[in-house]
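**Q** Sequence:
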Amino acid sequence: MVKVLEHCRVYPAPGGVDEMSIPLTFLDLMRLTAVSTKLLLFFELPISTDLFTKYAVPSIKNSFPLVLKHTLALAGNLIYPPNFEMPQIRYVKGDSMPLVFAESEDDFDHLTGNHARNASVFHSFVPELLPVNMVSDELVLPVLAIQVTFFPNSGICMGLNTNSAVCDGNAFFSCLKLWFSIIQSGETTFSSSGSNLLPFYDKTPMKDPRWIELEGTFWSQSKQKKYEGPPKSLSANTVIATFVMPRNSIEELKKQVTAQYPTLSHVTAFTVTCGHVWSCMVKANVSCKEEMDKEDEEEHFAFWADLRRRLSPPLPENYFGNCTMTCIANAKRSELEKEDGFVFAAKNIGEAFEKKVKNIGRSWEDPKSWMDDMELMLRRKPKLTVGVASSPRFHLKFERGGLGRLKKIEHIFIHGTTFFSLGASLEKEGDLEIGLSVPVLQMEAFAFFYNEGIKLNE
Numbered sequence: 001m002v003k004v005l006e007h008c009r010v011y012p013a014p015g016g017v018d019e020m021s022i023p024l025t026f027l028d029l030m031r032l033t034a035v036s037t038k039l040l041l042f043f044e045l046p047i048s049t050d051l052f053t054k055y056a057v058p059s060i061k062n063s064f065p066l067v068l069k070h071t072l073a074l075a076g077n078l079i080y081p082p083n084f085e086m087p088q089i090r091y092v093k094g095d096s097m098p099l100v101f102a103e104s105e106d107d108f109d110h111l112t113g114n115h116a117r118n119a120s121v122f123h124s125f126v127p128e129l130l131p132v133n134m135v136s137d138e139l140v141l142p143v144l145a146i147q148v149t150f151f152p153n154s155g156i157c158m159g160l161n162t163n164s165a166v167c168d169g170n171a172f173f174s175c176l177k178l179w180f181s182i183i184q185s186g187e188t189t190f191s192s193s194g195s196n197l198l199p200f201y202d203k204t205p206m207k208d209p210r211w212i213e214l215e216g217t218f219w220s221q222s223k224q225k226k227y228e229g230p231p232k233s234l235s236a237n238t239v240i241a242t243f244v245m246p247r248n249s250i251e252e253l254k255k256q257v258t259a260q261y262p263t264l265s266h267v268t269a270f271t272v273t274c275g276h277v278w279s280c281m282v283k284a285n286v287s288c289k290e291e292m293d294k295e296d297e298e299e300h301f302a303f304w305a306d307l308r309r310r311l312s313p314p315l316p317e318n319y320f321g322n323c324t325m326t327c328i329a330n331a332k333r334s335e336l337e338k339e340d341g342f343v344f345a346a347k348n349i350g351e352a353f354e355k356k357v358k359n360i361g362r363s364w365e366d367p368k369s370w371m372d373d374m375e376l377m378l379r380r381k382p383k384l385t386v387g388v389a390s391s392p393r394f395h396l397k398f399e400r401g402g403l404g405r406l407k408k409i410e411h412i413f414i415h416g417t418t419f420f421s422l423g424a425s426l427e428k429e430g431d432l433e434i435g436l437s438v439p440v441l442q443m444e445a446f447a448f449f450y451n452e453g454i455k456l457n458e
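All the letters of the sequence shown, read from the start, carry residue numbers 1 to 458 under UniProt numbering.
Worth flagging that the hints you see were computed from the coordinates, not collected in a lab.
Pair ranges (Cβ atoms, derived):
#, residue 1, residue 2, range
1, G15, N451, 52 to 58 Å
2, S287, A259, 24 to 30 Å
3, D107, T258, 40 to 46 Å
4, D50, T326, 47 to 53 Å
5, K332, K355, 14 to 20 Å
6, P246, D296, 29 to 35 Å
7, T33, K3, 32 to 38 Å
8, V121, G430, 26 to 32 Å
9, A305, E105, 38 to 44 Å
10, N114, D296, 32 to 38 Å
The list that follows gives simulated cross-link-like pairs (lysine to any residue, SDA-like), each with its CA atoms no further than 25 Å apart:
#, residue 1, residue 2
11, K356, V267
12, K3, S104
13, K3, L51
14, K177, V244
15, K355, R393
16, K407, T238
17, K3, L406
18, K356, T324
19, K93, M134
20, K255, D431
21, K407, S124
Being a predicted model, the structure only gives us computed values, none of them experimental.
Virtual Cβ for every residue (Gly too), placed ideally from N, Cα, C.
Please model the entire structure based on the sequences and the hints provided.
**A** Structure below.
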């Protein structure tokens, strides 16, 4: 049960620009119809309600204006001009971010455990984006909403909801790190120590004439799609659980892949972990008879590679926007079902990545190939496509300051999908954590195959 304590609006601190417009690139437009990115950050903070109200709330309120001053796009809106002109991100003086403070009686330790938990409970800790509205013939979509939920004598949860067309995970986590640096130091003015986290808004390097032409084509198709609002509620039997991939297990999995494919050049913690999860999810689906129409259909694995440092010339790491490319690995179900199916899965993921990376230059010169890849992905059956969200590169660490220790990160937007989250462990350096949200029976089957696979390779 969540009780709302306060609704407020956060305005950027004074001293910034009064107005700013940011065009969308083709890579942003691809995310216009995607679900919003919902994220939960749980912090251990065993204090009373009185101390939370007196110290934590003011600290949070004072930190956000400074962050928004340097990340104005997050205080603005996604604007759809009249006559179906190209949408853009726009901030004008007076725009603000909605912030909610709430309190919950739920068990904080239960929510932040790794065991299977009711997924629907978590959705009360993340706010919905403010409603879409019309202003002077323009469709205005808010881009960010935040809710801070307090668990008396236990901790707090920060729920963030972001429009996916505004930026990718790399850019958004950079903004979070900027906020972390401010609230941990208790600064009321910006320090140069966080200057590398300030967003780079210039989209000029992404405005190649060939891409601009494709932007128009893609926008013509996208604008026909009706805005449907938030996704429907989850099934009552959907649960969420976290699985740890220890560093020593990662090394053992890599050895097994290399032993079978000694010439394979791309064998990493990412490929072997994702390969293991992909294989286990397929095995779990088969054991639960999840819509298996044919005996040996082709399964797919979707992941995204960051383009910033791979373009020529490269973009700065703090480029603000969407800058990823879709990679697809394919494999026959019969290969993934084998006891060592993860080896084949990891090989195919590594090869799919290498193929994309080696052809980045060619793909950049032929934008249509990107459209073809996306259409091919959309034609695939959702039940046969597993995917990974987030990345261990988006590592957050928060061990001091007014909010306590960062204990858990939950990616709510994967709930009810065939995607899983992947991130660096907050408990032990070198370990990875996998977040999964599926029906109970499927979760039990996945846990069996996952743990058995780890034991066999220890």
